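Chemist: Chain by chain, the residues run as shown.
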Amino acid sequence: MTPLQVCLLVSAFLFAIGFAGAVTRRHAILVLIGIELMLNAANLNFIAFWRYGAHPEALTGIIFVLFSMALAGAEAAVGLALVIAIYRHKKTSNLDEVKELKG
Amino acid sequence: MTLALIITALVTVLAAATVMSLRNLVHCALAMAVAFSGVAALYLQLNAEFVGFAEILVYVGAIAILIVFAILLTRSGETPEKSVLTSGWLAGVAVSAMVFTLLGWAVLTSSALPKEIAIAPAAPVKNIGDALMSKFVLPLEIVGLVLTAAMIGAVIIALKEDKKDNSGGQP
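Sequence order for the protein chains is A and B.
Read in order, the letters of the first sequence correspond to residues 1 to 103 in the numbering used here.
Read in order, the letters of the second sequence correspond to residues 104 to 274 in the numbering used here.
These aren't lab readings, by the way, just hints derived from the structure by calculation.
Being a predicted model, the structure only gives us computed values, none of them experimental.
Certain hints may be false.
[Claimed, not checked] To give an idea of the chain B side of the interface with chain A (calculated C-beta under 10 Å), a few residues:
| id | residue |
| --- | --- |
| 1 | Ala120 |
| 2 | Val137 |
| 3 | Val198 |
Heads up, the beta-carbon is just placed ideally off N, CA and C, and yes, glycines get one too.
So here's chain A without its partners, still in its complex pose (with noise of 0.2 Å):
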């Protein structure tokens, strides 16, 4: 194996694990950590393609990954205080009880 395929296999192993987890865990934090998870395997990717790649002094991987953190911090921050939010209103985060839209 190639460093560049090895690379893009933790990048995927990262996403699948950061998927399983927003879908099948119950507590809401868990499922933030798991988009973040799945944020960081996009950007492995960015960064093992221009490493590798073809034209790597175009820079244009690093620049796309800095924006990409910024808009992960922006969501994180969000999220977090819709969990928040979420549990003062209903006293839990368990997201299998959380289901209605209204109230």
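With chain A's structure known, arrange chain B on it following the hints.
Modeler: Structure of chain B alone, referenced to chain A:
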């Protein structure tokens, strides 16, 4: 170099698997910090030093602390007695296993990946700053706007809903 890459990859993968298999949320957050550190080490080995340090600052620093705060504020630090999985968890695990199998098969058998190892590109911080300030200045401004809006929105969402309820507390 390859041995270090494989060790870092194994640490990252094991930590990520630990995140989703532990029951206690605080342990999950700690394993998540280890997984993000592993990803940062991978970035450093791929010659992307600036992104690696930014990953440590943003993920291992800020987001891990934010998640620990959210765990404490929602009082979910104890290990739950009930099941931690949703009712339809088997389908989710099956779908993610299929996703991993498909991606792994594509990565291992694809002929589109470059075969020869490229010479290590250099990404000095000066070039990244020049690119951010010249070619990508409009996206940079928009990201700043988005971050400001997200910060204000997060504060407003997490504010107390009803001001009348806590009149018995502090004046």
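Chemist: Next, verify each hint and record whether it holds.
Modeler: Consistency of the hints with the structure:
1. Because the beta carbon of B:Ala120 sits about 6 Å from the nearest beta carbon in chain A, less than 10 Å, this interface hint is met.
2. The beta carbon of B:Val137 is not positioned within 10 Å of any beta carbon in chain A (closest approach about 12 Å), and the interface hint is therefore violated.
3. For the restraint placing B:Val198 at the interface with chain A, the shortest Cβ-Cβ distance is roughly 7 Å, inside the 10 Å limit, so the hint holds.
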